[in-house]
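Residue numbers (numbering that gives the first Met the number 0), protein chains in the order written: chain A, 0 to 136; chain B, 0 to 136; chain C, 0 to 136.
Just to be clear, a hint being listed does not mean it is correct.
No distinction is drawn between identical chains; accordingly, a pair holds when it is met within one copy or between any pair of copies.
Unchecked claim - Restricting the straight-line Cα-Cα distance to at most 25 Å, the calculated cross-link-like pairs of lysine to aspartate or glutamate (DMTMM-like) are:
id : residue 1 : residue 2
1  : K77       : E55
2  : K30       : D109
3  : K127      : D35
4  : K127      : E16
5  : K127      : E5
6  : K1        : E16
7  : K77       : E115
8  : K13       : D63
None of these hints come from the bench; they were simulated from the model.
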Amino acid sequence: MKFHTEYLWFNTTKRREYIRITDQVRTELHKTKIRDGMVLVSAMHITAGVFVNDHESGFMSDLDQLLERLAPLGAEYKHHQTGEDNGDAHLKNILVHHQVVIPVTNGDLDLGPWQEIFYAEFDGRRRKRLVIKIMGE
Amino acid sequence: MKFHTEYLWFNTTKRREYIRITDQVRTELHKTKIRDGMVLVSAMHITAGVFVNDHESGFMSDLDQLLERLAPLGAEYKHHQTGEDNGDAHLKNILVHHQVVIPVTNGDLDLGPWQEIFYAEFDGRRRKRLVIKIMGE
Amino acid sequence: MKFHTEYLWFNTTKRREYIRITDQVRTELHKTKIRDGMVLVSAMHITAGVFVNDHESGFMSDLDQLLERLAPLGAEYKHHQTGEDNGDAHLKNILVHHQVVIPVTNGDLDLGPWQEIFYAEFDGRRRKRLVIKIMGE
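If we strip away everything but chain A, and leave its shape as in the complex, we get (with noise of 0.2 Å):
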């Protein structure tokens, strides 16, 4: 069995983005010579979310709606009242949820066609990290 961990950093321009991270997730993998197994993307904080869709601008801007529809920016949350501004972020996070696991076959990630990995921020401007652990032979 062969293990590999690596992290992942971001620093945001904008409160809210949506990052594709295949690439660097298949790197990761290609660098362990792994041809069987599991690779486990998710999130450090819980204020940030990974998920598995389309890297199609409209539908991120659709997510991005439909997320701030449900638990919107600046609305009274109970959150608020340790001093935080971000109880929003903290919802998102649960709704998005904050990892997948990406099965790997012939040594690649077993993704179909239109799949592709995001990392989403819901509170950026600072250094947030992922972490990666591949597992398999």
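With chain A's structure known, arrange chains B and C on it following the hints.
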């Protein structure tokens, strides 16, 4: 370590359908003779989901209504400027999540008494698939 | 490869509760002496969830309000025609997701500084459980 990979294909007659796949997943597991490990069940499309819940038609209808309420078919999505008409299905994929991991214990799926695995089709009437990746000993 | 399986039981006094379980998960991991791998933490019921977020009571209240807004207790659900009254809890399970996978690095849970693991009870006041499945070396 053993690995096993299988793909399940679907071609639904309706645009949205929720299909129980517990038996197919269990059949793949039993082929491997794996006693302990994990099974990843993951949609390979960005307009479909995989979830675990109750095999009860009322719940399926409630779930479908919730998803239609949050991301209705036929609403104006930016994604439709690409010529697509399935913006709702992309968002439903995010809300439901596109994968589950089932633990394997004593050679069987370690599910609770009411837990069943479902493929959730949000934009069907064409051939689509999911991947089952089993890893264990 | 080592595998370790444990079940945590809950019997909440309230219908909905959010219970921090990071310490119990870490205790199970340390029993195994596994240095590298993955920990699956998965609810075994269809009316409960597992998530990673902030150990902060304001956020818990915000999350509960969001879930009540999207899938309110006591609304008319088709699932209730079976005699059940927990249709909301099934939908909350879907929205929160019922499981997380925690990477293991250097013999510990590889979580970010604010990440804590929670069991989310949506229909409690009875004995329910989750499974912890650890896999690694």
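For a quick check of understanding: which of the numbered hints are violated here, in increasing order? 6
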